[in-house]
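Visitor: Residue-level listing of the chains:
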Amino acid sequence: MSPSSNNLAAGLYFGRDSVSCVLLRADAGERTVVSSGTINLPLPLFKGAPQEKTTRALVDALVACSAEVRGRHIPVHVVVPDAAFSIAAFDLEQVPAGQGTLERLVEFRLAKELGSSAGACVSQLLGSSEGKTLLLGASMDKAWLASLLSACGAAGIVPWSLRPVTAAIFNGFHDSVQGASGAMITMTADAWSLWAWDVAGLARPLRSQWRLGLSDEREIAADVERALIAYTDGHAAREIGQLRLWNPGANGALGDALDQRTQKPCDRRVWPETFAIAESCAASAALAACVMAAATA
Amino acid sequence: MKLAINFVAPPWRWQVVASVAGVLAVVLLLATTALVIQYRNISDDRVLLDRRLDRVVRQIGSQPQVELPPPAERDALRARVAMLNAQGAARGWSTAQLLVWLEGQMPADVRLVSVHHKSREGEALLVAESTNAASLTAFLQRLEHEPAFSEVLLAKQGGRTADVDAVRFEIRLRLRA
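Residue numbers (our numbering), protein chains in the order written: chain A, 1 to 297; chain B, 1 to 177.
Hints in this document: simulated from the structure, not taken from any laboratory.
Only some residues are given here: those of chain A computed to face chain B with a beta carbon under 10 Å: (1) 120; (2) 149; (3) 166; (4) 174.
Note that beta-carbon positions come from the ideal geometry of N, C-alpha and C, so glycine has one too.
With these hints in hand, go ahead and build the complete structure from the sequences.
Guide: This is the structure:
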């Protein structure tokens, strides 16, 4: 059943310290948030190996925040902070034939370049960039992936998709960035990530890290600056036409810190603009997940 | 390009399931229709076949009933037929078998003048001649040693004359049944 047939879609955000669920209704182009809830977790996720009590706490949190979603046939789209994944884009001279070979290549390159251990791997060929084929690869710890999915199953939720939060947000405003290069910082209460895209709209992940604390904006801004300089120095054709900051509900400290380091102020609009739930980054991320799914369905 | 990476397989699309079910329903409906049409055709054929069967049964019923003779009479008749068959059958070798044997066993200087084979009686009358009487004697001995002949009889012996310089044997054979 698609969102258009029952007009409902749900988004779930599994943060390190919280879980958020948003139920969205779309009627004749009008989107309304039916319900939203965020539950803080007693134990952090994605730290070490998943334990039974962590999964149990996750189930309790899901049950508490997704009352209107559980047990119903509603498309549920899950987003997870980029920091929970190992994500990288690879420039390939030649694309290996066969999905299995591609996955092994992604696994090998992720292990070599990011030091990630063997996990569940996915990949996507993005297209031709700078004379090479751009391959996006991502992997996630199998144990944590299984833990998230089993918690969903125990709570009566069937995820339709599970992807990094930036993928949902980038897809949301993808159509508006065609023909203009740029970069986006996605920051929630527990993690942040930086992606850049070229004029063709091909996105590359540059950074994805857990936050060190709630007042680490200056460090993040410095890291962003370093990453962007390294990115633009990597190829003559690379540039950053615009800098976007997705940081709903924040006090603006990161934006101010970024503005001090860039020539023009960053775009601080939150997507989806009209539905942003200002009081919760987690809820906004969940919202972005279901709005993106509704928009691309 | 939008980012399509996804770590879970999406659940079944119920539209797809419904479409497949719809296609199957249409196929089943068509198959049912074909079966109904076929059943009707078979029913029509069955009516015709029933009529033909009735006609045949009536024809058989209208035939006069022939009473079979009692079992004892049938057994006697069967025995007579068997006896006649046994009498009418050839006894011993056929003519062809006899000629094949003669071709193989008759000495080279012995000529076969005539053969008269009565297959029903199991008898044969041979007339053979040779310029050498010993060859004829040897031929007669071969005939006597052949197990297929129960009796070998030198019926007549002709000597050399002024016209014919040869000895002629007329041999009567009785073949084993």
